[in-house]
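J.: Residues per chain, in single letters:
There are 2 protein chains.
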Amino acid sequence: MSDISIIGTGNMARTIGARAIAGGNTVEVMGRDQAKAADLAKALGGGATTGEWGTAPAGDIVIVALLYDGVVPVVAQYGDALAGKVIVDISNPFNSTFDGLAHREETSIAQEVAKAAPAGAGVVKAFNTVFRHVLEKGRPDIFIAGDNAQAKASVEAFVESLGLRPLDVGGLKMAHWLEGAGVVTVGLANHGMGNLDFALGITELPVRAND
Amino acid sequence: MSDISIIGTGNMARTIGARAIAGGNTVEVMGRDQAKAADLAKALGGGATTGEWGTAPAGDIVIVALLYDGVVPVVAQYGDALAGKVIVDISNPFNSTFDGLAHREETSIAQEVAKAAPAGAGVVKAFNTVFRHVLEKGRPDIFIAGDNAQAKASVEAFVESLGLRPLDVGGLKMAHWLEGAGVVTVGLANHGMGNLDFALGITELPVRAND
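Protein chains in written order, with the working numbering: chain W, 1 to 211; chain C, 212 to 422.
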C-alpha cells in the first residue's frame, strides 16, 4: 500500500487515481482548480482527498499528471514542497507530427524534472508508453527508469499494487528512450496496429515460441 | 516466397538465413571472405547460394547483416549494384555504455543507408529489437520502418514467411526510435528482466486483460 498524490485533474489523473484506489492505495488529488480536484476526489471515492495546490503533498509518491509542457514548471513551482518525495513523470513530449520528441536536445521531461526538483527527491519515469484506456481496462507492462534505486523500488511496489508488471529499463537517462518508445507506440497505432487497443510490452520467449 | 540476399556471414546472417530457408525463401550469402560465405551457404542448405562481394545481389531483398559501422560503407561500396533492391538495415548503433546511440545527431543507420543507396532502392529498418537467440528459437514481433510502401510490403511478406508478425511503425524517420527501442531492450536485459529470453513486442488488450 502506498500513499499517492496526483497533481492534475485530467483523464490520466482520473485513470491512475481509480486504479490506485482499486489497488488499495490512498490517493490525494491536487489541482490548480480546487473545485475540480474536489470533484475528482469525490468521483474516485475510496477516501480520496484533496490537497492545496503548491503545498507539500500528503503522498510519498507524487504523480505529475499534466501535459508535458506543464510538468517542469509545476515541479519548480512546488519546489521544496517536494523534498523527500518520489516524483513520477508520465508525460509524452511529442512533436507536432507525432514522429519525434519536442526536445531540441537529447533529454527527457524526467531528466528536466530532476534538475528542477529539490535535492533528495527521487525522479522516476513511468506509465508514458500506455494509452489511457488500456491502463483503465487492461494489464499493460509499465516501463520505468530512474537513478534513485529507492524511488524506483517505491514505484515498482505501487505498479504491482495495480496488478501490473513494472519493468526497469535502467537509469534516468533511459527516460529519453522511454519517451521514444512512446513515439513508437503512437507510430504503431497510426500504422501497423491501426488502433489503440494494445500496449508495448514484453513477450517472453515461451509465450509465442513454436519451435 | 522471397528471394533474399544476405550481406554478411556472422551470427545474425546465419540466424536470419536459417529462418528464411525454413520459411521457403531462396537465400544468397555474400561475404568479403568468399570461403566464409560458401561455408555459411553450405551450412544453411536448402539450395542457398553464394554471390560475389560487391556485385548485384540475386535477391530482391538485401539484408545487410554487419556490425553497425560497416553498414553504410558497404552500401556505398555496392552502389548501383543495389539499384531497385529492397535494402534491410538490422543494425544497432549502441554507444559504448549501451544506454544510447552512437550517432551525434538524431538520425539512424537506416536513414544514412538511404542517403548512400542508389535512387530507386527502398530502405527498411527491421529486426533490430530482437536478440539473436530469440529470433532463432522464438516468435518475436518484428518492428519495421520505411518510407517506401512497396519495399515495406515486401519485407512484411518476408517476415510473415518466417511465421513472425511484422509491425509497421511508420516512415524511415522512425528508424531512429526503433534504434532507441533497441537501447530499451538492452536496458531491460540489464535491469528489469535480467536475461535475454524476451522480446519487445505488442501485448494486445485482451491478452492480459483481467477486468
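These are calculated hints, taken from the structure and not from any lab test.
Heads up, the beta-carbon is just placed ideally off N, CA and C, and yes, glycines get one too.
Treat the hints with care, as some may be off.
Claimed, not checked - Simulated coverage check for chain W against chain C, where a stretch passes if three residues somewhere in it have a Cβ under 8 Å from a Cβ of chain C:
#, region
1, 58-72
2, 168-175
3, 187-196
J.: Go check the region 58-72 of chain W versus chain C for me, would you? Three or more residues, Cβ under 8 Å, otherwise it fails.
T.: violated (count 0)
J.: Within the region 168-175 of chain W, is the number of residues with a Cβ closer than 8 Å to a Cβ of chain C three or more?
T.: Result for this restraint: holds, n = 6.
J.: Please count how many residues of the region 187-196 of chain W have a CB within 8 Å of a CB from chain C and say whether that reaches 3.
T.: That given contact holds, which follows from 6 residues of the region 187-196 of chain W lying within Cβ reach (below 8 Å) of chain C.
In the structure shown, a violation is registered for the earlier hint numbered 1 alone.
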